[in-house]
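Protein chains: 2
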Amino acid sequence: MKEEYGIVTTEIIEELQEIVGAKNVIFEDKEKLENYAADEAGEIFGHLPEAVVKPDSTEQVSKIMQLANRNKIPVTPRAAGSGLAGAAIPLYGGIVLSMERMNKILDIDKVNRVAVVEPGVITNELCLKVLDEGLMYAGYPMSIETSFISGNVATNAGGGKVIKYGNTRRHILGLEVVLPTGEVIELGGKFRKDTWGYNLLHLMIGSEGTLGIFTKIILNLVPCAGRTVDLLVPFGDIETAVNTVADIIVSAGIIPVAVEFMDKLSVDLTTKYLNTKIAFQDKAEAYLIIQLESESKEGLENLYEKVGEICLNNDALDVFVAESRTDSENIWKVRQEFAEGLRAADPYASLSGDVVVPLSKVPEMMREIKRISEKYNMRIPTAAHIADGNLHPELMKPANVSVEEWPKIAEEIYDEMTDIAIRLGGAGSGEHGIGFIKKPIFLKTKLEAELNLMRGIKKIFDPNFILNPGKII
Amino acid sequence: MKEEYGIVTTEIIEELQEIVGAKNVIFEDKEKLENYAADEAGEIFGHLPEAVVKPDSTEQVSKIMQLANRNKIPVTPRAAGSGLAGAAIPLYGGIVLSMERMNKILDIDKVNRVAVVEPGVITNELCLKVLDEGLMYAGYPMSIETSFISGNVATNAGGGKVIKYGNTRRHILGLEVVLPTGEVIELGGKFRKDTWGYNLLHLMIGSEGTLGIFTKIILNLVPCAGRTVDLLVPFGDIETAVNTVADIIVSAGIIPVAVEFMDKLSVDLTTKYLNTKIAFQDKAEAYLIIQLESESKEGLENLYEKVGEICLNNDALDVFVAESRTDSENIWKVRQEFAEGLRAADPYASLSGDVVVPLSKVPEMMREIKRISEKYNMRIPTAAHIADGNLHPELMKPANVSVEEWPKIAEEIYDEMTDIAIRLGGAGSGEHGIGFIKKPIFLKTKLEAELNLMRGIKKIFDPNFILNPGKII
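Residue numbers (our numbering), protein chains in the order written: chain A, 30 to 502; chain W, 30 to 502.
Calculated from the structure, these hints are not laboratory results.
Please note that a few of the clues may not be correct.
Which copy is meant is left open, because identical chains are indistinguishable; a pair holds if it fits in one copy or across any two.
DSS-like mimics (lysine-lysine), calculated; alpha carbons at most 25 angstroms apart, straight line [said to hold, decoys possible]:
no.: 1; residue 1: K326; residue 2: K193
no.: 2; residue 1: K335; residue 2: K139
no.: 3; residue 1: K59; residue 2: K362
no.: 4; residue 1: K92; residue 2: K139
The shape of chain A in the complex, shown without the other chains (with noise of 0.2 angstroms):
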């Protein structure tokens, strides 16, 4: 498609100098062009864009995409650049639109309980503030401290308390959404239910900066739950975790805040490269992190002692009760610098597993994920947000393999973990989404008639398919 675009000429670098401010373009400036090149999916898959522009107003986003619509010149999205799957990457050269600038928090409605804050924002930062109101935003992801929200909402961000609270679906109330075209449309409100045409807004969450750009998000705010409290449970084999997972939510009814899992390998590069060790190291293949919640102290401990005998019962080598918000973030620490321990052992480590399947289904998965181990003779740290079924078996470059050839064997395998999850009932992306880097398999595992509703749809949004081109569909 690319000999169709145009390209950006000293003229539209003017133009947008006008719309922005001369301070707020890059060109040229290689450098800092670079940037702007690449996300966590790793600098291998880059792509530099012409210009970068930092808009900050709707009225200056509605005015780029009228001057990129008109010049057929692509424009990429560009939130935190914390996503896996190179959705942020402009693959075709065109402009960033980086949402930098636009990162204010506008509102929050405690009558309403709602937020409505620009794309720039940073989850955690709106986490902290509504905190301070006795609320609490439940929407955030993994990357709380590093991701905006205007990214959460474009993959459709999960995170660690799915199973309770929903992925940032569930919590987008409403969007101001400038089209590809340069018009303005609001989807949603301040309210909790609607039946009020097609859902446009449900459309544009995870459609990864493909269908319009957010310029305002509306978000659902709820009362903050009260006591929480942080178990560390260590198995002696992966499968007798998993089914604990299963016996406390199915066969006690109990619905956990989050329970997290990590296999030996992770937890082990993950510890090293904090340079400290959690319980039994030495004997544990598997440990499940829990958080639980409850309105009073005392339904705190009932729920954490049932949890506890319940892991017991499923021969948990022990039952880690965290005492302290210390011993909680010293817990959550090992979870969340998952990616980095991973990254520190082998700066080539690639971080794309995502998949999905019916909780019925992950033992079976974990089968697998072992087989292709052993197969390949690779290492394949995984950690899961596993009470969703959501796993993130990630590859490890074997010495053999040159810097090279690897991205195209790990998609292979990556491909080869799709096909699985999707036999077993399930999908090929959890919540990083599909960028470009999922989108081979993508095409080549859904229906045609599906595909080319998608492509419909594209279509009707972005006639001239300037915005993130190469993405998705």
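Starting from the known structure of chain A, arrange chain W on it as the hints suggest.
Here is chain W on its own, set in the frame of chain A:
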């Protein structure tokens, strides 16, 4: 558009009989066809289909759609016909596709906490069935005893428990859909998160039978939450009742399962119909019905004491705590029989009121309803899922208005209320949908840019505009 449609000829009837069997095709028999002409919006809006077809498999539905698409015959899917916006009415004649025979619960999968059902399952049948397994289907609307699950999906139904459990959308994990062309696609699955292409699943939910026909539905189930209690709280005036809701949710941070509102008029009409009385009917101008839920008996007591105190601090006339299942049933009966009560008092009562506004705007919306009631000298009994800001202001035909002119006058008043709701930051339908009754005001109040996207989407899914024409867009 009518002249462009084909008619249901004898040949087509024969083909339909071939597909579903002769006894599952109704034609020519006006009396039988009339059963499929209207919905709960009233017979006055009805329109006769040329034929009614009752498939019992996805394959049959697909064949019917292929036949209809080839011959450009309008097809109107029909669930239980309990809708209130006319979405199931065959405006252009053609075929009514009744899902009544596809009424099997296919699978209750405890480990994955999902049920898989056919479209014609009555909502309460599923609710009771999963209750036997210690699970709850929380996506049910107020019309639980009559509506079909597929109808709930088509309207993204709401009901009383949205504030805690969300509307039907939140509980739909997957759909098998027959497209207007007869193609079959599967969306979602037995998992709770994914970012795997444009979210066609959510686009289908709330599309009121205009984009596809649901032939299989995968539903989220939640563990039974334990104990609930119901409170009945009379207030001396409406605004105090409304303000109390914000105090409970916002100031105290308590999310009840349900907070229902009824004004004096709606209570009077419903209790008259039920031949009963509830407390303080002489003095109370408004009632709240509040359902609370907790893990434990103590938690529940603690909760209803807090809520009771908040109510009394807000000048509630009293707080009645249901002490038995019978008590609870008696309280809820008054709310559940609201529509019947109105209809009994006035067979021409119009039940299309369904605006939604931000919680903070409920008092203003209530004042506007009162103003309109006085302006037109018309009784407007109002019930509301008030914690969601979803109000049902219904219209009683004044004696001096003729039956013939009534629908037009009612529509004008609903339009006026819709305009106000939208001005207050809300929407024209919280849960009933647009159908064709709300279509004019929907088209009038939406931006052309957004309508064009919706029209484009409709065309992508249904190039010949045969599926439920005349609805929404």
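How the hints compare with the structure:
Taking the closest pair of Cα atoms, K326 and K193 come within 25 angstroms of each other both inside a single copy (19 angstroms) and across two copies (22 angstroms). Proximity of K335 and K139 under a CA criterion of 25 angstroms is satisfied inter-copy only: 20 angstroms between copies versus 35 angstroms inside one chain copy. When the C-alpha separation of K59 and K362 is checked against a cutoff of 25 angstroms, the pair qualifies neither within a copy, at 36 angstroms, nor between copies, at 70 angstroms. For a Cα distance limit of 25 angstroms, the shortest separation of K92 from K139 qualifies neither inside one copy, at 33 angstroms, nor across copies, at 52 angstroms.
Violated hints, listed in ascending order, are 3, 4; each of the other numbered hints is respected by the structure.
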